[in-house]
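K.L.:
Residue numbers (my numbering): 1 to 220.
Keep in mind that the hints were calculated from the coordinates and are not lab data. Values in this document were obtained by computation on a predicted structure and should not be read as measured data. Backbone N, C-alpha and C fix where the C-beta goes; we use that ideal spot for every residue, glycine too. There may be inaccurate statements among the hints.
To be verified - Label pairs and their in silico Cβ distance ranges:
#, residue 1, residue 2, range
1, Glu175, Ile152, 40 to 46 angstroms
2, Lys180, Lys154, 30 to 36 angstroms
3, Lys202, Glu24, 30 to 36 angstroms
4, Thr173, Gly113, 18 to 24 angstroms
5, Lys202, Gly153, 19 to 25 angstroms
6, Gly113, Asn78, 46 to 52 angstroms
7, Ala33, Asp90, 30 to 36 angstroms
8, Lys2, Asn78, 16 to 22 angstroms
9, Ala33, Gly153, 44 to 50 angstroms
What the hints assert, rightly or not - 35 angstroms max Cα-Cα, derived DSBU-like pairs, lysine-lysine:
#, residue 1, residue 2
10, Lys48, Lys30
11, Lys180, Lys213
12, Lys20, Lys49
13, Lys202, Lys213
14, Lys98, Lys48
15, Lys98, Lys30
16, Lys30, Lys198
17, Lys202, Lys180
18, Lys48, Lys198
19, Lys48, Lys2
20, Lys30, Lys2
21, Lys154, Lys48
22, Lys48, Lys180
23, Lys107, Lys154
24, Lys30, Lys20
25, Lys20, Lys154
26, Lys20, Lys198
27, Lys20, Lys39
28, Lys154, Lys204
29, Lys115, Lys204
30, Lys49, Lys30
31, Lys39, Lys107
32, Lys180, Lys204
33, Lys2, Lys20
34, Lys204, Lys107
35, Lys2, Lys49
36, Lys154, Lys49
37, Lys204, Lys48
38, Lys213, Lys98
39, Lys154, Lys39
40, Lys30, Lys154
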Amino acid sequence: MKNTSIILVDDHIVVRAGLKELIELMGPYKVTAQYNNGKDLTDALPFKKDPDLIIMDLNMPVMNGEQTMHRLREMEVNYPVLILTLNTADEIIIALYKLGIRGYLEKDCTATGLKMAIEDILRNDYHHNNLLTKALAANYKPKQIDARVEIIGKLTPRELEFLRLVCDESEYTYEQMTSKMGVSVRTIDGYREALFEKFSLKSKTGLVLFALKNRLCDPI
1 MKNTSIILVD
11 DHIVVRAGLK
21 ELIELMGPYK
31 VTAQYNNGKD
41 LTDALPFKKD
51 PDLIIMDLNM
61 PVMNGEQTMH
71 RLREMEVNYP
81 VLILTLNTAD
91 EIIIALYKLG
101 IRGYLEKDCT
111 ATGLKMAIED
121 ILRNDYHHNN
131 LLTKALAANY
141 KPKQIDARVE
151 IIGKLTPREL
161 EFLRLVCDES
171 EYTYEQMTSK
181 MGVSVRTIDG
191 YREALFEKFS
201 LKSKTGLVLF
211 ALKNRLCDPI
């Protein structure tokens, strides 16, 4: 079985050492490189071999996690990034997801929680949890109620059902959704493409963020 390549970015050497040991015990994962901060990471680009995932701290000297995401975007580099930090400020979480991170975890999470986040990102390209839901809820304005009604009005019942499966905490794959909805893979692809076109979205990550931001999965 091929090892999953993971890069660690954290200015605390002891933290990195412990994280490396934990990650490599959890599955076919291999920490292939470690960096003290975002500048060290971006200075190392391009890599000889692309990593499957980057796990990065937020608060680092020289170049922090948010600055690093801005820099990666400027360089048009798009690696899956999981932020692992003590900072849970709502506005930071939302800003980082907009910059393209695939997951956000507290450093005091359990090993099970970390493994779940890694697997979700590798399998489904995205991990969302209560931190993201809380951050979006805190930034939800009353005027968005009318926007929510308008958006739902643009959806067919089956598109809304598909959207709720996409956002479900069970992280269903598209293939699993065919069984849940009793339709073919082609039909699921049709729902996805229709939603992408209606709301100018380009990825499953964007679809989930759009749905959560507008509370499309809440009871009508």
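K.L.:
Could you work out which earlier hints the structure fails to respect and list their numbers in ascending sequence?
P.N.:
1, 2, 6, 16, 18, 21, 22, 23, 25, 26, 36, 39, 40
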